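Two chains, two frames, some hints: make the complex.
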Amino acid sequence: MTDHSLTSELGGLSYDPAPESASIARLQPSYGLFLDGEFTAPESHEQFASLNPATEETLATVALASSADVDTAVACARRAYTKVWSKTTGAERAKYLFRIARLIQERSRELAVVETLDNGKPIRESRDVDIPLAAAHFFYYAGWADKLEHAGFGASPRPIGVAGQIIPWNFPLLMAAWKLAPALAAGNTCVLKPAETTPLSALILAEIFQQAGLPDGVVNIVTGDGTTGAALVDHPGVDKIAFTGSTEVGRLIQERVAATPKRLTLELGGKGANIVFEDAPIDEVIEGIIDGIFFNQGHVCCAGSRLLVQESVADEVLRRLLRRVDQLRVGDPMDKNTDVGAINSAAQLERIRELTTWGEEEGATRYTSACELPDRGYWFAPTVFADVAQSHRIARDEIFGPVLSVLTFRTPEEAVAKANNSKYGLACGVWSEKGSRTLWVAQRLRAGVIWANTYNKFDPTSPFGGVRESGFGREGGRHGLEAYLDV
Amino acid sequence: MSERLDVKKTYKLVVNGAFPRSESGRSYQVVAADGKFLANVAQASRKDLREAVVAARAAQIKWWNATAYNRGQVLYRWAEMAESRREELVEHVQLAEGLKKKDAQLSVARAIDRIVWYSGWTDKVTQVLGGANPVAGPFFNFSLPVPSGVIGVVAPQQSSLEGFVEAVAAPICVGNAVVALASELRPTPAIVLAEMTATSDFPGGVLNVLTGFTGELVAPLATHEDIDGVDLTGSGELSDELARLAAGSIKRVYRARANDDENSLRQLRTFVETSTVWHTIGQ
Numbered sequence: 001m002t003d004h005s006l007t008s009e010l011g012g013l014s015y016d017p018a019p020e021s022a023s024i025a026r027l028q029p030s031y032g033l034f035l036d037g038e039f040t041a042p043e044s045h046e047q048f049a050s051l052n053p054a055t056e057e058t059l060a061t062v063a064l065a066s067s068a069d070v071d072t073a074v075a076c077a078r079r080a081y082t083k084v085w086s087k088t089t090g091a092e093r094a095k096y097l098f099r100i101a102r103l104i105q106e107r108s109r110e111l112a113v114v115e116t117l118d119n120g121k122p123i124r125e126s127r128d129v130d131i132p133l134a135a136a137h138f139f140y141y142a143g144w145a146d147k148l149e150h151a152g153f154g155a156s157p158r159p160i161g162v163a164g165q166i167i168p169w170n171f172p173l174l175m176a177a178w179k180l181a182p183a184l185a186a187g188n189t190c191v192l193k194p195a196e197t198t199p200l201s202a203l204i205l206a207e208i209f210q211q212a213g214l215p216d217g218v219v220n221i222v223t224g225d226g227t228t229g230a231a232l233v234d235h236p237g238v239d240k241i242a243f244t245g246s247t248e249v250g251r252l253i254q255e256r257v258a259a260t261p262k263r264l265t266l267e268l269g270g271k272g273a274n275i276v277f278e279d280a281p282i283d284e285v286i287e288g289i290i291d292g293i294f295f296n297q298g299h300v301c302c303a304g305s306r307l308l309v310q311e312s313v314a315d316e317v318l319r320r321l322l323r324r325v326d327q328l329r330v331g332d333p334m335d336k337n338t339d340v341g342a343i344n345s346a347a348q349l350e351r352i353r354e355l356t357t358w359g360e361e362e363g364a365t366r367y368t369s370a371c372e373l374p375d376r377g378y379w380f381a382p383t384v385f386a387d388v389a390q391s392h393r394i395a396r397d398e399i400f401g402p403v404l405s406v407l408t409f410r411t412p413e414e415a416v417a418k419a420n421n422s423k424y425g426l427a428c429g430v431w432s433e434k435g436s437r438t439l440w441v442a443q444r445l446r447a448g449v450i451w452a453n454t455y456n457k458f459d460p461t462s463p464f465g466g467v468r469e470s471g472f473g474r475e476g477g478r479h480g481l482e483a484y485l486d487v
Numbered sequence: 001m002s003e004r005l006d007v008k009k010t011y012k013l014v015v016n017g018a019f020p021r022s023e024s025g026r027s028y029q030v031v032a033a034d035g036k037f038l039a040n041v042a043q044a045s046r047k048d049l050r051e052a053v054v055a056a057r058a059a060q061i062k063w064w065n066a067t068a069y070n071r072g073q074v075l076y077r078w079a080e081m082a083e084s085r086r087e088e089l090v091e092h093v094q095l096a097e098g099l100k101k102k103d104a105q106l107s108v109a110r111a112i113d114r115i116v117w118y119s120g121w122t123d124k125v126t127q128v129l130g131g132a133n134p135v136a137g138p139f140f141n142f143s144l145p146v147p148s149g150v151i152g153v154v155a156p157q158q159s160s161l162e163g164f165v166e167a168v169a170a171p172i173c174v175g176n177a178v179v180a181l182a183s184e185l186r187p188t189p190a191i192v193l194a195e196m197t198a199t200s201d202f203p204g205g206v207l208n209v210l211t212g213f214t215g216e217l218v219a220p221l222a223t224h225e226d227i228d229g230v231d232l233t234g235s236g237e238l239s240d241e242l243a244r245l246a247a248g249s250i251k252r253v254y255r256a257r258a259n260d261d262e263n264s265l266r267q268l269r270t271f272v273e274t275s276t277v278w279h280t281i282g283q
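Protein chains in written order, with the working numbering: chain A, 1 to 487; chain B, 1 to 283.
A few of these clues could be false.
Listed below are several chain A residues computed to face chain B (Cβ distance under 7 Å; list not exhaustive) [as the list claims (entries may be wrong)]: (1) Arg78; (2) Arg79; (3) Val249; (4) Leu355; (5) Val449; (6) Ser462; (7) His479.
Below, a list of computed lysine-lysine pairs in the DSBU-like style, where the Cα atoms sit at most 35 Å apart [said to hold, decoys possible]: (8) Lys47/B to Lys9/B; (9) Lys434/A to Lys457/A; (10) Lys124/B to Lys423/A; (11) Lys434/A to Lys62/B; (12) Lys62/B to Lys36/B; (13) Lys9/B to Lys457/A; (14) Lys8/B to Lys418/A.
Stretch by stretch, here's where chain B covers chain A in the computed footprint (C-beta under 8 Å, at least three residues) [stated by the list, open to error]: (15) 286-297; (16) 381-393.
These aren't lab readings, by the way, just hints derived from the structure by calculation.
Only a predicted model underlies this, so the values are computations on that prediction, with no experimental measurement involved.
Just so you know, even glycine gets a beta-carbon here, dropped at the ideal spot from N, CA and C.
Only chain B is shown next, with the shape it has when bound in the complex (with noise of 0.2 Å):
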């Protein structure tokens, strides 16, 4: 009796809530951290990225629209479904990153904690970062934190899942919608990941992730007019030409530093926008 083979997957973009191959046709191989071979993975195209800009702006509005309580539910449930596939995104992290399996274990335990830590911010936002401002006049005045809109995501190369929850949790917890890049070399993690939007309730399109080549893909997100922030953490050397790019439309641009405290809002703060409203008083 010969041994059951395995049913392989195929690994594809996760864009506005659906899991298409590249438009271009391109996939790439991906190998495991001993070299083996993983996957054939999508190569996103520039065209990929500008649609998944389009899918990510409609998201937004809705996912905005929603209140802050769904929404810290969404990225609860979100938490949900990575717990009761742990194991599998252990696998994942294992593979890619070449741990041992208690060291996977603790990253991939991690990152659902991290889900979790924000899923908690969803209605604390506005109160930590707004207020009303006691103005000289017969007005009611108010500042509220709301979504910068789309942010494009270069995702850590390293960390590939951890980092890649770093990135795109604190943009998606605020209101925003994003475009990830997932680690080149790395990706798989981070697609398993974003599949399990799909059964979290979020509106297709608030997390697009593209798997392919970095250096291909980056700097047309960096230049996107659409794009409203970047986050270019997992961008290397290529960070300052990219932030030098971001200026073009004036973007809003994060890079994590080595000492970030991982309480630190910074992040949260980049990509929301005060906005203040005047009201007038009177009979």
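Pulled out of the complex, with its shape left as it was, chain A reads as follows (with noise of 0.2 Å):
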């Protein structure tokens, strides 16, 4: 088979478009950075644009923050710490952060409208993933506020004190309620640095906050670019450094705050295999497969991008799922029955096409949907590689996009060997129905996260994270506590 060979089997079916409004967002030309409760001019610092990849239209321009502007919202972290939130009695903080979930529950649709149009993500999945998921880790970890005495971590944890955290593109508001929400709760304060270019939906949560009352300074919202987030690793006024990106950036974090007192958690990349045993539900496979590597067009460190079905299997499982990824409709994300959006940004595009260009030149079967992309914005049409090999660098690089590489495997050893065999160890997923062979491959995949029959299930309550050379730490839970405590 060549590229655009796919046959539709239900070609004759199409849906009319059924546009959410772009007016929701109700988006400024241009932002401020927000430190100690206000925003700041936005004429006081250079700006950079925010595009809609799917446009590659200016949505605003965001001020990129100095060193200087990260010195200021340090300070203000640091005096909000010592002065305010410091001496806020748990209740008190569990109440404000019950404040922003209510009020991330009632500008949803708002926030929802601007996180597609500033990442390209499918508007169904800002509005049923990420808005709401936000809303609920704020909602959890509320509740932990007044109770880190029973988190199990000693009878009086303390918090560690100003927190800056980096956070990536891919769930731009989603992974700011994953850092903001247990460091508040815990008691610290915050210097959060959005990513270049999805900075729009934190700067909405910044409104919230001022809606919510939350005292000046605790939480400080620099944009900017990678020297902004360097220059917030090497601050010597921040206690703790979470991050969450690329595995090339955490080791640089890393060895920059090796030798200081700063704290370190680390959420970085992943080549995640989805492993498919003989005796699975196939039709609920074949959805899995989908969701485990489409979802957010394949932009998620967790994604099924390596998919290992038994060998017995392997014919009809690739037959169904090219079948199945032929339908999958593909273009503009504010389009309610959008299946797979833009991808990013240009540079991820880029990195995306050399990849798979390495795939086929190391010989693997490239399958490409016959969809049609859009002339503007970033794209890219879902692909699966069969005939890869565990050298391919397309079965050991994380391609961040809508690729997947196809391996195959005969005994649940070799599964879980193959498996492995990667430098990551963020997550996996098990298909099968006999509860035993899952347990025991559980059991043995180095990973932080397994999901049998299912895939990508993110909740507050569960905690996430990598292992090897995804990072350490874990987010959510009561094992997401411990990442803003002294302990």
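What follows is the structure, given as structure tokens:
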């Protein structure tokens, strides 16, 4: 088979567009930094544009925080920690967080639209996953703020101090919630650095903090690029760094804080194995594989980007998978029918193209959906590589795009060995009707999260994070508090 | 009639349950606290280190596949072995650290009691650090602490036995295998205690102990890509640079702090990973 050779057996069906309204976003033309509870004047900083990746149009410009701005932000956070937040009781901190959770719920449609415009993800996902989960995280950690002595870290666990938090572009608001909610519940103050290409929903969140009456300086938001993040990492006034992003950058950050007293948690890359045994229910498996790799355009650190199928069912799984891939609706993220939206940036699109070229050059068989792609914006058609060997780059490197590599195995031992043959260890999937085998496999997988007969599920009560070069520390659940307590 | 001549002991490495000399053939002279000759101790090479890591990786799987109950019994047996050879350990600690006999006895007693403490943790950690998570959906979701894998330990330089036990017992107790560098100048108590693992039902390779020059071995330890975490407590002024090197493969890094509470689980927590399983619930 060659490119675009897929044929859809349901090709006759089509959907009328059902677009969400961009005007709901109510974006301002430009934004300053959020320092000490106020937005600074946009014109007082160098500005850069945040693009809509589906149209390449500028949505708004935001401030590029300099190291002096980071200084100010850290000073605000320190003052708020010393004078206000460390003297605020857990019960009062809890009520602020509950308020924030409610305000996110109230403004959820607006936030979903902003997220989809800025990130390129389908509105269906931002509406049904990102925003509700962000609210749920604040709601969950709110309840912990006055119960920390019950969290299993000793009788009177103390906060760390000022946390510097650097988040990625793939789930902008959700990652902000994952970082801020446990940090604030534990009694820390924060300087949050959103991703360069997706700063907008964090700035709406700043408005929510104002509406919630959160004391000034408890959360400060510095938009910017890598230099802003580096200034935060290196700042001597920061007690804790929490980073979510690539393993390459995580490694640099770990090096840079190694000789300091700063605490560190890292949530890094992955190359998740989705393991399908021959007895698994095949309809659910196909949907699980699709969710595993095409959710959020594959811009997911825990994506099930390596499909490991038992040899006896490999042909059937691949055949049905390709048929399903061809039915994915790719295009306008604001259309409520869209399954796969825009790639977040030109740089990411380039990386996906480079790695898929490697896939072909190294001899894997490429299938790409015949879907039509819009003329403007950054797009990559859902792609599946079969005949992939473990040594191929597409089986080893994180692509962070809608690209699946298919490998096969014969025995459970071989499945485990192949799944673990990675420097990463973030997440894996196991599909089987046999519970004992699923648990046997789960026990042997070196991964922080294992989904059995499901994939890409997230919940504020459930710890998330990696082993090996996927990082250390957990976000979510009781375990997520440890990252922000001096224990 | 002449006095009986002592039978002196050769101090070797402990690797993969065996007691090899360094593959390099090198040794170095160790003196007692009073400056008198004590022994020629094996001076491990980088290759010895690499071989110890291979042994540890294989042993870790066996160790983790044993039941928690069994791991507890094996650790407890290690304490039993140490208890029955207390006098020998006291003598070594006395010579190495220059302590009065009474203080050496106390130190050995504390070290053994710590092994007992950890032997009781093997089947508690899962419950204390794990749990079920009430996710919003039809899933049974639980989190378990699982070992990081192979842990490299730079044991404290001063406290030859107690410090060594503190550094190795915690990672072993939660199912890791360890490659430890004993105190450079005071290595013999650690070697003697590690030899006792051979009569305690440990799978060979769970605890590997290298003696040699700390400065020569710590960088290969911190950069070895098949070591998952490092305890740099005994690396002194090299500690920051080693922590930087450890970042190359995102290792977990532990350094004991001056104000650590002996009941703190920070060290245990550093060398376990929380593994969370979601399983569907349905008919």
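Do the hints match the structure? See the list:
| no. | hint | in the structure |
| --- | --- | --- |
| 1 | Arg78 | violated, 23 Å |
| 2 | Arg79 | violated, 27 Å |
| 3 | Val249 | violated, 11 Å |
| 4 | Leu355 | violated, 21 Å |
| 5 | Val449 | holds, 5 Å |
| 6 | Ser462 | holds, 5 Å |
| 7 | His479 | holds, 5 Å |
| 8 | Lys47/B to Lys9/B | holds, 24 Å |
| 9 | Lys434/A to Lys457/A | holds, 21 Å |
| 10 | Lys124/B to Lys423/A | holds, 30 Å |
| 11 | Lys434/A to Lys62/B | holds, 25 Å |
| 12 | Lys62/B to Lys36/B | violated, 42 Å |
| 13 | Lys9/B to Lys457/A | violated, 59 Å |
| 14 | Lys8/B to Lys418/A | violated, 50 Å |
| 15 | 286-297 | violated (count 0) |
| 16 | 381-393 | violated (count 0) |
Taken one by one, the earlier hints fail for this structure at numbers 1, 2, 3, 4, 12, 13, 14, 15, 16, listed in ascending order.
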